[in-house]
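K.L.:
Okay, here's what each chain looks like letter by letter:
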Amino acid sequence: MSGSDTPPSRPPRVDGRRLRSERTKQLIIEAYLALAQENSPQVPTAAEIAHRAGYSVRSVFERFPDIRTLQVAATDYALVQVAALAPARDSHGDRATRIRTQVETRGQSCERWLPLWRSLVANQGDSPELKQRIVLSRERVVARLEFMYAPELATLSDVERRHLLIVLESLTDVESWARMREFFGLSFEEACLAWRQAIDRLLPPAPTT
Amino acid sequence: MIIEAYLTLLRESPQIPTAATIAERAGYSVRSVFERFPDLHALRVAATDYAFTQGTAQAVARDFSGDRLTRLKSHVETRSWICEQWLPLWRALNANQGDSSELKSRINLIRQAILKRIELMYEAELATLGATERLQTLIAIESLIDFESWARMREFSGMSIEEAREVWVKSIDRLLPPTPVS
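So the protein lines, in turn, are chains C and H. For what it's worth, our numbering labels the leading residue of the first sequence as 1, then goes sequentially. For what it's worth, our numbering labels the leading residue of the second sequence as 1, then goes sequentially.
None of these hints come from the bench; they were simulated from the model. This one's a predicted model, so the numbers in the text were calculated from it and none came from an experiment. We put the beta carbon where it would ideally sit given N, CA and C, even for glycine. Heads up, a few of these hints could be off.
A partial selection of chain H residues facing chain C, derived with a Cβ cut-off under 10 Å [claimed, not checked]: (1) Glu-133; (2) Leu-135; (3) Leu-176; (4) Thr-179.
Computed footprint of chain C on chain H, listed as stretches where at least three residues anywhere in the stretch have a Cβ under 8 Å from a Cβ of chain C [claimed, not checked]: (5) 50-62; (6) 168-174.
Across the chosen pairs, the derived CB separations fall in these ranges [as the list claims (entries may be wrong)]: (7) His-51(C) / Leu-120(H): 29 to 39 Å; (8) Ser-13(H) / Arg-68(C): 29 to 39 Å; (9) Glu-119(H) / Arg-58(C): 25 to 35 Å; (10) Val-181(H) / Glu-182(C): 23 to 33 Å.
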């Protein structure tokens with residue numbers, strides 16, 4: 001340290017009550033997500049959430065004025081989790097590697113988040129906040145597609161590129177994944193293979209460098 | 001009249017209609033509604049059956065012996081028309097299926113009908129594929145022409161019907177193998 005006259009700076013004071021309150025909020029959100037996942041698409045009741053989190057119903061409503069606010073907070077938390085658990089990999093790989101990686105990552109996300117996604121879509125109602133999160137989630141999928149298939153998409157006109165992204169987003173939708181698994185009875189690997197082949201056919205040839 | 005009132009209300013608003021709004025729209029009392037249908041679930045099942053019959057009549061397969069482009073255009077035109085007409089009911093059906101085996105079996109029936117139509121329209125191309133590849137192609141086309149895929153093009157991306165159809169035609173064309181030379 002320098003020998004100046006200025007007093008050493010104190011570490012910022014930790015507000016224990018605030019920390020505990022944040023921790024409670026966090027546990028309530030996690031309880032909501034666990035129940036929404038288990039009982040999708042039914043929205044858990046305040047009593048169920050409180051019971052699962054180990055708090056009183058009053059504690060829930062002290063942190064969230066209503067269930068809709070809790071739903072929005074839980075959706076934001078889940079979106080952060082989705083992004084954290086699905087980092088982009090192999091974006092500079094060859095075409096087959098990029099397709100395989102993108103499909104595997106997307107398949108894992110769909111597998112993990114399907115019940116929650118269904119609950120979100122079924123219960124969005126007239127909520128602009130939830131609708132905005134659904135749009136945001138789709139935009140992120142499109143952004144990932146743009147990133148992973150940048151070399152192929154760069155060969156297309158703006159309109160063709162936009163159209164192809166819409167098609168790829170539809171193809172790799174959560175419900176499209178669910179149909180392969182639930183309706184057609186495909187294994188995870190078989191479902192990935194179906195997407196890989198379809199994406200490969202839909203993408204234009206990669207430019208030769 | 002009650003079924004038609006239910007379907008009209010669904011087209012007007014994504015909210016699931018109540019017995020009172022259905023009765024009011026049909027011009028009957030709530031009691032009359034429940035005299036014909038023991039509960040709203042029974043009305044939903046009846047409305048789905050009615051819509052399925054209507055949809056089947058409206059979506060008669062045409063041009064299935066035509067050349068590739070004719071078949072693509074005909075299939076997409078019919079399918080998009082169905083999506084445009086029946087999307088609100090499809091959404092309500094999915095939202096209300098819950099644990100209802102009757103509604104789940106209708107959803108399966110509709111999906112089977114969509115798959116059968118794809119098989120009929122692209123029989124020539126699909127016949128050139130092995131069983132696994134054929135199934136993968138069917139799955140990809142079925143995903144592509146799903147109700148919600150149409151809704152995204154129209155509602156989320158703001159495309160016209162013509163533009164959205166063009167996207168489907170081009171994409172199915174890419175997903176299909178070459179047409180065998182006869």
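K.L.:
Now tell me, hint by hint, if it's right for this structure.
P.N.:
Consistency of the hints with the structure:
| no. | hint | verdict |
| --- | --- | --- |
| 1 | Glu-133 | holds, 7 Å |
| 2 | Leu-135 | holds, 7 Å |
| 3 | Leu-176 | holds, 9 Å |
| 4 | Thr-179 | violated, 15 Å |
| 5 | 50-62 | violated (count 0) |
| 6 | 168-174 | holds (count 3) |
| 7 | His-51(C) / Leu-120(H): 29 to 39 Å | violated, 53 Å |
| 8 | Ser-13(H) / Arg-68(C): 29 to 39 Å | violated, 19 Å |
| 9 | Glu-119(H) / Arg-58(C): 25 to 35 Å | violated, 58 Å |
| 10 | Val-181(H) / Glu-182(C): 23 to 33 Å | violated, 39 Å |
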